[in-house]
Structure formats: structure tokens, C-alpha cells
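Asks: Protein chains in written order, with our numbering: chain A, 6 to 269; chain B, 54 to 334.
Be aware that a few hints might be false.
[Said to hold, decoys possible] Chain B is nowhere near these chain A residues, computed Cβ spacing over 12 Å in every case:
1. M138
2. Q190
3. R228
[Stated by the list, open to error] The calculated label-pair distances, taken between Cβ atoms and stated as ranges, are:
4. A:A30 x B:M126: 52 to 58 Å
5. B:R190 x A:V59: 56 to 62 Å
6. B:A147 x A:Q197: 55 to 61 Å
7. B:Q207 x A:A198: 39 to 45 Å
It should be emphasised that the hints constitute simulated quantities derived from the structure, not laboratory data. Predicted, not measured: the structure shown is a model, and the values here were computed from it. Beta carbons: idealized from backbone N, C-alpha and C, even for Gly.
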Amino acid sequence: MPSVLLTENIDKAVRRWLMTVQDYALFCAQAVMNVARTPRYWADTLMQADLIGVGSVPIVVLTGFFTGGVLALQSAASLAQFGAQAYTGRFVSLSMFRELAPVLTGLMVSGRNASGMASELGSMVVTEQIDAMRALGTDPMKKLVTPRVVATVTALFLLTVIADSVGTLGGASVAVFISHLDGAQYFSSAYQALVYTDIIQGLTKPVVFGFILATVGCYKGMRTTGGTQGVGRATTQAVVISSVLIIFSDFLISRVMLWIFPPL
Amino acid sequence: MSEIAEPLRGMESSDANAPLETALRFEKVSLSFGVRVLMDRISFALGKGETIILLGLAGMGKSVLLKLANGLMRPDSGEIFLFGQEITTLPEAALLQLRRRTGMIFQESALFDSLTVRDNVAWQLMERQMADEVIDRRVHRALTFVDLDAAFGQYPPSLSGGMRRRVSIARAIIDKPDLILYDSPTGGLDPVTSHTINELVVKERDAYKTASILVTHRLQDAFTMVTHRFDRERNAMVALPAGEFDTQTRFMVLHESHLIFDGDTEKLLRSKDPFLRNLLA
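The shape of chain B in the complex, shown without the other chains (with noise of 0.2 Å):
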């Protein structure tokens, strides 16, 4: 793992000051796709600072709730706060602002075939027209933090799954976001990149304290998340020590649409619930 020489945070990011009490709410968001009803009346808070990780089975609308964070979906019914602007009625142009705060990686990382891992993760500063020189020195920036600076000029399709993951996590990050949604970052990796893709989000998570959402199917992603640290001093991720968690991620469940469970990782496994001992067996 290559070092934080710098912060990544560039000077160009607005509102970077701004307090952020939460930096996302749900109130009683509904959403059904025809008679099936994905969520019902969903409710919860992220705050500045904190990670959710958003376990379920598949299909039970994990991605679908990351996509209704962003604005990218509408709910049926209720209200979506992001850094506390109700975007539910939001036109799309205010949208396309707000969501310039906020960083996403998709499950299959949805880089730009066209454009060159360059071009992919310089995305939000080239629409800014900032300067060449500005843009390539950030941009080796955010691929040394994902480990990936030899990869600057080639072309996503000549990339392996990994390292798309992480050429995706390095487009996310490059603008200083204020919250962070992973959908599904490990997924059809096998265990060592995981491993790797695991260890930036914590680093991003432990470094930069940036609120996030990560969905994962992986209990084994999910429990290396709240049992590690970033250690800045070795550069790598450790192991806190045993029984302990990190206090600044917690817990959600989705499930037949509804959260099932919201809260810390001592609850989790304390919990009688047959399904969430099942899910965790």
C-alpha cells in the first residue's frame, strides 16, 4: 500500500467547511417497482463520519437504496435528506451540484470504456476546466492512494476486475467527497484483492473520516470493516485488539422491505433474531 504522503483533499472542493450534522437521513421511504413493494416506510440517519454497512440478500434493494441516496432514483413516498437538502422533489440540475459532494463506486465499477484510467478518474475536474497540470498531479494523487499510478494511461477494458474496483474508488475520492457509497466494492474479487479493496476503504473511512454506505454480501468484508483500523504510521491496516469494534460503524439489515436491524456490531451479534443469526452462521 503506497503511502498518504499528502491529504488527497484538494483546495478546489466547495463547501468543504460546512457543518455536516447528518450526511444523510431517510424519512419513510417507500418504493415498489409494480406490485412488489421494495422498501416500506424506511427510516435511518448516517452521520458526518459514520459508516453503515447495508447487509441482505440479493434482491432485497441494497443497490436500489444507494441510488435513492444519490438522487439517481425517486422514492414512491417519503423524504431523503442529503447533506440536509430534501432531494426527493430536487430538479436534476440542483441534483447534478449536490451530488458532486458525494462519491460512488458500482458494483461492476461502470468506468468509461472510451477513456483512458486518466480521463476516467480526472472526470469531475475536466468538466471544471481546470488546468492539465493541476488535473494529472491529482490525478496520481488518487491513484497512488488506490495503489494503481502505473495504470494512468490505459484503457479500463485492458484492466483486471480489481483493479477497475479500484480505478473506480480513485474516481470517487479525487474531489473530496463528504460521503462515500460503495455498492458492493468486493464482489466476484477473489480474496486477496478484496483484501487490497478492503483496506482503502478503511484507510478512506479512518484517514479522511468520510461518512459511507457499504453494501456488501461478504459477513467477512463486513467484520474486517469494523475490526480493523487504518494505521497511518505503517501505512496498512491492522487489527484492533480483540473485542473491540469500531465505534464509528454500525449495522443495517435489509430485508422483505424493511430494515430488520440498525445498530452496532456488539448488538448484531447479540442479537435472537432467526434471521440475523442465520445471516451471520
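Pulled out of the complex, with its shape left as it was, chain A reads as follows (with noise of 0.2 Å):
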């Protein structure tokens, strides 16, 4: 009898699960066919990319330089000791453009607009704003899921740029100022590590990344239930999920990569 029951459950949590999936899939396909439909809400996408784009600066920054001081820091550590200091740059370089610049970007804009989105919207929903949205002709799918969606997109790729740029300059930093190495060495070997195929996948992260944290963040908001403490609950999720899918996307994206650019 409990074997039935157990079974019963696991059926009706697959059930969920997989409705849940396909709810969301179907949200994510009209977030992206709006983008073609009218109206299109460019004002409301320019304010979404300055507040997720130009907000997120900061902590872009700081996490980044010294992402990339430390990891140069340990490296120079570690490669002293085969006589192989001279590497820091490439280290560093490859490290920061291939994975962390673009992972932990997507992790820390995830941490602060994911959240913000699935509360903001969540707030709307429970306050019946998206109910009056809609009663008043408005499609809230156009006007607030699509500008949020092509703004995070759009952002989270020349953020990760910018996280590129400082983290290589973090890394740099420590190189001459601790490690006491020379600077045109270090900045020459961080070039000529890099290949194209290093920057492409370096790039094509990020917009995996937002699309994530952008479609995760508004699904969850847009689909909470249970008032103030649903909302709570909304946001955490968002926070959640978009961080662990954010990095068994990038597990997925550098397998791929992988094996379209084969190492030489």
C-alpha cells in the first residue's frame, strides 16, 4: 500500500513538473515572437537596459577585477614554482573570457534583477496590476515580459565584455603590483593566448545567460500565487533556478564549443 502511494506521488510530481516545463517553454516562445509582433515597447526596453545594463555596472566591476586579481595571484603562486611566472597573463586571460567573466556576470545580474524582476512582477500579479493591465487592452506579455528579455539580453553581453576588460586589468594589477612582474609581458601573453574561438564562445554565454535569468525572473513572477509570501517565494525561486541553470547552461554551451572548436 505505501509502494502505491509513493508511486501515486512520484506520478503527480513528474505530472507538475512537466506542465511546469511546458508552461514555461510556451512563455519563452512568446516572450520571443513578440519581439516581432506590435507593439513594441522600445522606451520600456531602453529603461529596463539602464536599469539591469548601466545598473549592474558596479558590481560587474568589483566582482570582476578581483576575480581576475585573484586568480592571478594564485596562479603566479603556483606557476613560480615550474619557473613559468611569465604565464600569469595567459592564465588569467583565458580563464576569465572563457568562463568566470561570463558565469559569474550571469550569477551576480542574476542575484540582483532575476530577483527584482519575479518581485516586481510578482507584486503586480497579487496586487491585480497585471489583471488591470490586461483589462485596460494591454498585453502584459509585450509590455513587460519582451523589453525585460531583449534588455538582459543585450545587457549581460556588454557586461560581460566590460567584466573581460576589468578582470584581465584586476589580474594585471596584481601581476606588477604583488608578484612584481612586468606588465607588457603579462598583457602580451593575455593576447596571444586568445583565440577566436575563445572570444566566440566567451560571448555566446552571455546570451544564453540572459535569456535565462530574464525568462526565469519574469515566469516567476508573472505566475505567482499566495500574496506577499508567494511573492517572497517567487523570488527566491527565481534566484534558484536561474543560478543553477545558468551553470549547467555554460557546462552545456563549453561541451558544444567544445566540439565545434575542437582544441589544436
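Can you join these two chains into the complex? Each is in its own frame, and there are hints to help.
Replies: Now the structure itself:
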């Protein structure tokens, strides 16, 4: 008897999960298709790009700089054992461009904005503002979701470029001022290590990460139930789910990229 | 109460001259939430210029009925005709167009907190990208109608509950709706503010003959609606002679998933139904 109950519960949970995945997929498809449909809310998109992009610059700069710095610190110490301190720049730039800048920028922006989107839209749902918007003849998907998705994808791409640059600079600062390496050698090594496939890999990721964090944040917000407590729950879930999906998709993209562009 | 210097109706409104036999019609509409049946084959019609006062205990589905009427929710079965068009299977994009002909006042006002009163009231006009000076003029006119022009540049969180409700009414009527749905517009307000809101509802009903459904828990408000009319010359709500009731306003009572009453005031007062007697007591 308990085994039957267990099977039923698993069955219900799997069905619920599949329904959620289907709902999320339709939600994403609608958000994307709205890009080609009128009306287009360019002003809202620009405002969101300012909030998400410009607003996230300080945390991305700080994160990028200190990540580059700590990479240089750790690698210089390890490489010194083999007399290969000159490769510090190469190590920092490859790590930053391929992995750390996109992933850390994605995670930082997810913590800041996926939660913000979920709580803002969730509050609008529980106070009937979304219903009011529909009653006034406005499509909330077009007005609220699509501008956030477009703005986040664009902003995360540019923020990752900033994180790449600032991370390399952070590494240079540590290499020059703490490890007392030659600055020109550091930058030369960092530049020569990078090939186009690294750039392609590093700039494909933020597009996917931006889409994930915006759609998860908006989805959790728009599907909020249960009043103010539900808003809190949606906010937490948005950050957790988008962070996990970012790391998971990072693995998948890296795997695919290595398959498309095998290392020479 | 401020004057109605000129009709609030804007010339931009579409379909204003289209003849309407019924603004809204429910045909055997049923809706359940899980095992709970909220509505069981409910049918009624609302004609042009008519007002229905919807009474019932809390949780009986009055607000849900308004959302069904506006296509914000879909029933399990039955048909709903809004301005003659069946909406239960209509795609959301077509519904959005149709909803521009309705105005809805939500229980808690549902104003957009991050926008000023001006932008809240002007929402539909801004969506149509009208010129700022035209928008400002019409927003001032709508706010004057609800006697709240001074709140033009304020944000909703700085307004009292009654003021928010009045802004909500201004937002609903600015684009000349053919049907207005009021969801407990006086809920949680003090008697003086409630009187102001009632006066606005009567003013909209009598001055513009807009079809409407008003959900309320307060019998006093309901009977104010049927025992008063709006006097344009005095620009105020005045009582009808004793024993007279507004003929365009009728009552419906929703109870335990059924419409147990649909009729005029005299019929309601004469009813021998124990539940209705108790409700009116």
C-alpha cells in the first residue's frame, strides 16, 4: 500500500514538473515571438536596459576586477614553482574570457535582477495590476516581459565584455604590483593566448545566460500565487533556478563549443 | 462635486455609434475551482444603459463573475457574449481589443504604483500614442469628473483609499467605455467617502447611460443607487420621490453557485425567499 501511494505521489510530481516545463517553454516562445509583433515598447526596453545594464556595472566591475586579481595571485604562486610566471597573463585571460566572466556576470546579474523581476512582477500580480493592465487592453507579455528579456540579453553581453576587460586589468594589477611581473609581458601573454574560438565561446554564453535569467525571473513573477508570501517565494525560486540553470547551461555550451571548435 | 462642463466622451473612441442591444450576456456559464463549483449554469443579460447591482455573501464568486465578463478568466462551460461577440474561445489578442470598450474598477483599485496619477489615468491614451496635450486635456477632464484634479502629478502610494478608488474610476471612464464593471468600489471606505463614490457611480449611470455591473456587500450603497438620480443642474445626487426607484437599475443575487434572484427593486423587496429576507434584514 505505501508503495502505491509513493508511486502516485511521484506520478503527480512528475506530471506537475512536466506541466511547468511546458508552460515555461510556451512563455519563452511567446516572449521571443513578441519581438516581431506590434506594439513594440522601445522606451520600456531602454529603461530596462538602463536599470539592468548600467545599474549592474558597479557590481560587475568589482567582481571582475577581484576575480582577475585572485586568479593572478593564485596562478603566479603556482606557476612560479615551474618558473613559468610569465604565463600568468595567459592563464588569467583564458579563464576570464572562456568561463569566469560570463558565469560570474550571469550569477551576479541573476542575484540582482532575476530577483528584482520576480518580485516586481509578482507584486503586480497579487495586487491585480496585471489584470488591470489586461483590462485596459494591454498585453503584459509585450509590455513587461519582452522588454526585460531583450534588455537583459543585450545588457549581459555588454557587461560580460566589461568583466573580461576589467578582470584582465585586475590580474595585471596583481601581477605587476604584488607579483612584480613585467606589465608588457603580462598583456602580451594574455593577448596571444586568446583565439577567436575563445571569444565566440565567451560571448555566446552571456546571450544564453541573459535569456535564462530574464525568462526565469519574469516567469516566476508572472505565475506568483499566494499573496506577499508568494512574492517572497517567487523571488527566491527565481534566483535559485536561474543560477542553477546558468551553471548547467555553461557546462552544455562548453561541451558543444569544444565539439564544434576542438582544441588544436 | 465638480461640474460636467462638457461630455467626457472623447471623439477618439471607436464604435461609439454602434447600436448595442445587449452589452453583456451569460448563457449557462459554469465554473469550478477543483471540486468546488463556483457557478452553475448562470444566465443573465445586461442591456444598453442598464445597471445591475450584484449582491451576495463573500466568496460566492461576484468578483469572478466580473472577471469572466471581461474575459480575464474563462469559464469551464457556457457562453459569454460581450457586445454581441462570444468571448469564451476568443484569443487573448482579440480580447485585448474588445476590452478597450470596457472599464473596470478593481476591489483594491489596482493602480500602477510606479506611475503618476496622470499616467495611470492616461494609460489607454498613451498606449495609442496620442499627443501629450490631448492626453493632458482628457486626463484633467476625467480627474475633474471624480473631483481629484489636484492629484494630477501625485503617485498612488501618497493617496488615501478613497482617492485611489476615484483615480481608478477616472482611469476606467476616460476612454468612454460601453460597459463599466465596478468591483466593490466602496469596500473598506468610510461613509463619507463611500457617498462620494456612490455619487460618481450614479453620475456616470445617469449622465452617460453607461451599462454597468456593480458588485457590493453594502446594502446601503445598493439602495442609494436605486433611490437616487443625478441632477445635472444641481450637479449633485438627489433622492427620488419616496417609493420611486431607478427603472434602469436591477438586482441580482449570487448564492451557492446559482443566481437566486434577478429582478427590480420592488420585486426584491417583495420577495419571500428566506435567504433574501435575511440578506435585506
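Asks: Does each hint hold? Answer for all of them.
Replies: Structure-based check of all given hints:
no.: 1; hint: M138; verdict: violated, 8 Å
no.: 2; hint: Q190; verdict: holds, 52 Å
no.: 3; hint: R228; verdict: holds, 16 Å
no.: 4; hint: A:A30 x B:M126: 52 to 58 Å; verdict: violated, 23 Å
no.: 5; hint: B:R190 x A:V59: 56 to 62 Å; verdict: violated, 35 Å
no.: 6; hint: B:A147 x A:Q197: 55 to 61 Å; verdict: holds, 60 Å
no.: 7; hint: B:Q207 x A:A198: 39 to 45 Å; verdict: violated, 58 Å
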